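Sequences listed follow chains F and U, in order. Letter by letter, the first sequence follows residues 228 to 606 in my numbering. Letter by letter, the second sequence follows residues 72 to 718 in my numbering.
Don't read these hints as lab results, they were simulated from the structure. Where hints are given, some of them may not hold.
[Stated by the list, open to error] Stretches of chain U that chain F covers, calculated by requiring three or more beta carbons in the stretch to come under 8 Å of a beta carbon on chain F: (1) 93 to 102; (2) 109 to 119; (3) 502 to 509.
What you are looking at is a predicted structure, and each value in this text was computed from that prediction instead of being measured. Think of the CB as a built atom: it goes at the ideal place given N, C-alpha and C, for glycine as much as any other residue.
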Amino acid sequence: MSFLEYRIKTAPTGLRKVLYLNWPLVLLVTAVASVGFLMLYSVAGGRIGLWAEPQMKRFAVGMVLMFIVAFVPIWFWRSMSALAYGVAFALLVLVELMGRVGMGAQRWIELGPIVLQPSEMMKFTLVMMLASYYDWLDPKKVSRPFWVLLPVLIIVAPTVLVLMQPNLGTSIMLLAAGAAVMFCAGVSWWYFAGVAGIVGAAVYGVFALRGTPWQFLHDYQYRRIDTFLDPTADPLGAGYNIIQAQIALGSGGWGGKGFMQGTQSRLNFLPEKHTDFIFTTLAEEFGFVGAFSLLALYAAIIAFCVVSALQNRDRFSQLLILGVAANLFFYIAVNLSMVMGMAPVVGVPLPLLSYGGSAMLVLLVGFGLVQSAHVHRPR
Amino acid sequence: MRRTPRDTEESTRGVRRRALLMGGAMAGFVAVLGARMRYLQIDQADQFKLLAEENRINIRLIPPARGLIFDRNGKLIAGNEQNYRIVITREDAGDVELVLKRLSQLIPLTQDEIDKTLKEVERRSSFVPIIVADRLSWEEFSKIALNAPSLPGVTPEVGLSRVYPRDTDFAHVVGYVGPVSEKDLEGIENPDPVLQIPKFQIGKIGVERWTEDLLRGRAGQKRIEVNHVGRVMRELERIEGDPGNDLRLTIDADIQNFAQVRLGEESAAMVAMDVETGDVLAIASGPSFDPNLFVRGISRKDYSVLTENDHRPLANKTVQGLYPPGSTFKMVTALAALQDGVITPGTGVYCPGHYEVGGRRFHCWKRSGHGTVSLHSALAESCDVYFYDIALKVGIDKIAEMGRLLGLGQRHDLPMSAIAAGVMPDKAWKQESYGQEWRIGDTVNASIGQGYVLTSPLQLAVMTARIASGKAVTPRLVHAIGSEVQPAPEAPPLPIDPQYLAEVRRGMFEVMNAQRGTAKSSRIVDETMLMAGKTGTAQVRNIGTAERESGVRKNESLPWRLRDHALFVCYAPHDKPKYAVAVVVEHGGGGSTAAAPLARDLLLRCLTGGMPPLSAYPAAQRGRIETQLKEMKLRSPDSPMPGKSRA
Chain F
228 MSFLEYRIKT APTGLRKVLY LNWPLVLLVT AVASVGFLML YSVAGGRIGL WAEPQMKRFA
288 VGMVLMFIVA FVPIWFWRSM SALAYGVAFA LLVLVELMGR VGMGAQRWIE LGPIVLQPSE
348 MMKFTLVMML ASYYDWLDPK KVSRPFWVLL PVLIIVAPTV LVLMQPNLGT SIMLLAAGAA
408 VMFCAGVSWW YFAGVAGIVG AAVYGVFALR GTPWQFLHDY QYRRIDTFLD PTADPLGAGY
468 NIIQAQIALG SGGWGGKGFM QGTQSRLNFL PEKHTDFIFT TLAEEFGFVG AFSLLALYAA
528 IIAFCVVSAL QNRDRFSQLL ILGVAANLFF YIAVNLSMVM GMAPVVGVPL PLLSYGGSAM
588 LVLLVGFGLV QSAHVHRPR
Chain U
72 MRRTPRDTEE STRGVRRRAL LMGGAMAGFV AVLGARMRYL QIDQADQFKL LAEENRINIR
132 LIPPARGLIF DRNGKLIAGN EQNYRIVITR EDAGDVELVL KRLSQLIPLT QDEIDKTLKE
192 VERRSSFVPI IVADRLSWEE FSKIALNAPS LPGVTPEVGL SRVYPRDTDF AHVVGYVGPV
252 SEKDLEGIEN PDPVLQIPKF QIGKIGVERW TEDLLRGRAG QKRIEVNHVG RVMRELERIE
312 GDPGNDLRLT IDADIQNFAQ VRLGEESAAM VAMDVETGDV LAIASGPSFD PNLFVRGISR
372 KDYSVLTEND HRPLANKTVQ GLYPPGSTFK MVTALAALQD GVITPGTGVY CPGHYEVGGR
432 RFHCWKRSGH GTVSLHSALA ESCDVYFYDI ALKVGIDKIA EMGRLLGLGQ RHDLPMSAIA
492 AGVMPDKAWK QESYGQEWRI GDTVNASIGQ GYVLTSPLQL AVMTARIASG KAVTPRLVHA
552 IGSEVQPAPE APPLPIDPQY LAEVRRGMFE VMNAQRGTAK SSRIVDETML MAGKTGTAQV
612 RNIGTAERES GVRKNESLPW RLRDHALFVC YAPHDKPKYA VAVVVEHGGG GSTAAAPLAR
672 DLLLRCLTGG MPPLSAYPAA QRGRIETQLK EMKLRSPDSP MPGKSRA
């Protein structure tokens, strides 16, 4: 009995799939998103129409997309992997050629009424591509140099394009998520150790080249790193964000200042108060209890994904779920580290909470893939 | 490519092993994040609370000074004055009610005002400063500053507020500013942060509104350190914004004042413009109102006085009011017929006092008839039958085309509110608006500016200026932005044979100066300033056959609402036109008696640059005119200019 038949026979069909969805995951995602709506309402000073309402609409659309993706058998998505990756890659090239410039970076592409952010699309199509690659590849060959080089190229090519936009945050995320899939697929430890060494050298190189015409990062990115290393050096300039974010966060204390009572006025100049820095508002208004609860919710989402991957015996599904989970984790980890002063400000949004359409939709589609893998797993 | 299944037990176990490792690492990092959270929010909470409460840095926007508006000679029309006010911030005040109570002992605050403030404070976030009282006197202001320690959360502020030193003169042109409303913010894609400042003033109507982008400027920022009650400890940094651009209008403030006063209490409008450049020198609509009332927030009582007045002081009749042009339209009909070649200036038409066409009888205003008239005499005596006849020869479409060529039936783009396009009807227009065929009677009515034709006083002024100069001048209101003088665009010549224009101008000259001219009594006798013009009397009611039989009722015997509109258009000097003037007096009666004298005075005021000289008037009228001019309550030309300061 081939795998395909075996799957068709055991996987639930039609509307019965609803019963096999990973419902705790759906509820957790909705819960986190709802926290986001509350915070956007609060940050907007009690205006619902500014950010909260559009965000809710996008969430609703995203949920519908999630269910649609979840209902389509996972083997269909596997067969789509290469195509999806190809399309996302082509769009990345296109945005480089004719993209719309926003916030000093070229990240959008306009197709009629739709504004696309191909770097967001690349997030999960890359994971899909890698998962299907390792599904195809004989597990015995995964650590052979040639078969390692190929996925590395698959990861690096879009990463470079995203970095050129320039969008440092997302390119780091792509690298990390790709590496996570490779790690889970069983690529030898030695490669990871080697890359860590090279990255160390590269970081050194980046700083050594600073100020020369060959400098690798933009000035504002260097300044962000400087400020990270010593925020007090420039308390009114670039360091202001971090200091104020920490003050807001820290002054929340145990129970916070209460809903809508945050002192965002002090953060009012922050252009990212409703996007990258939304967590500070939560931590300030709901204190340690609120902030830690959110962290717990996120941890639960990731845990449910990992458990779902452990239950699954299909290699593509396993790697896909782990890739999505790892991606989510890296976003959360980098964003929280950033606002809590543990990492430089690289401009990474907080998944499900930060205001933004593309990221929200793409993430929910990602969860749709996880659900599809969960529903259609071999039993 | 056919996929070979790879899901062996071993490979699955391998992925699980790695997944568990990764999950463990993730859990570890989550723990680190949790620990960091604990460190910041619990261990260090007191320190951060202290930082947040006691010595925090605040960003405040510095509202830009709004650009000033001057007249063409640099006289101030809209300025900014210092406004002492006090604001309260809830999070600093604690018990807002108590603080307000204390405040009411220092300055007069009614219970109503206190309730309003309390409501506003509740509605807004705790850190938003709310204005409790503004326009305080210096004494009140310093009293509050002295008592600051017992008034937590209360900050005395000095702001700028708009002031219109020439109050009623420019109410309709310049308009007024008011606080930003929710409605203003709707529909703005990316609102300027300065609009969030409570009670920030933006232009609501008129020039203030339509040049808002020029006048507003860009907000600055200051970073200040404040203590735990919100008192400013020191200013750390200041980024100055850019003040708005100053504007210079084409209007001459003194002429505008003259025009406004000359209109008196009439419901009327008057426009004077330069026939070469299109510069609007005066554009007055009466009665007017004081825009300063709106800036301060108009009381319900004052507002209802304005809205209930049947002379509609809030309407800007110069651009918004639409009137049948009456006989002032006859130049259009004449030019259309001349240009089309259906008549020559010498063509004679016999006027028996009425005209019959399509089974209907149309009357001339003179029941006994004018006898045989040609172009010049028809214009001079305003014979209706002549124009009925030539209009039917040339047809409505050609007339409408000429009307549009002369600036009728279109919106002239000035930075003013509610500019109406008017109606220059033709066959297609009637089909579209009413779904009806154009009738021959419609042409007859339109030929003398009745029926469907509707024009605004501004359009009539443009029409007159175009006839006078032979160029397609367009009106303009902005003379300079900042120090950059906006050059008047070179007006292209009208595609009308100059010879025909000259003939029509001759007719207009005879209106004023021929023995039987309809506006002869309003002529200028000074040889250097002889004027040309045309009277118009627009019916606003239907005259039935019965009334015609028994004699048309005199205007004086009718209620105000039913009296005819008086219109007059003119320019001078007749041989070298410089200024054109159009006047509409609503329900004023005859154009020659109610409108022409006003237009003459304004023309003289423009031409001489000072009060009209008595020598320009016919000798018999000088005595009466002298008292009339003396009684005008004009603003003294060197009026004080409050609010010149920019602080």
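Please count how many residues of the region 109 to 119 of chain U have a CB within 8 Å of a CB from chain F and say whether that reaches 3.
Contact hint for the region 109 to 119 of chain U vs chain F: holds, 8 residues under 8 Å.
Check whether three or more residues of the region 93 to 102 of chain U sit with their beta carbon closer than 8 Å to a beta carbon of chain F.
holds (count 6)
Tell me whether the statement that chain F covers the region 502 to 509 of chain U is true, taking a Cβ distance below 8 Å and needing three residues at minimum.
Three-residue rule not met by the region 502 to 509 of chain U, so violated; n is 0.
Consistency with the previously given hints fails for number 3 only.
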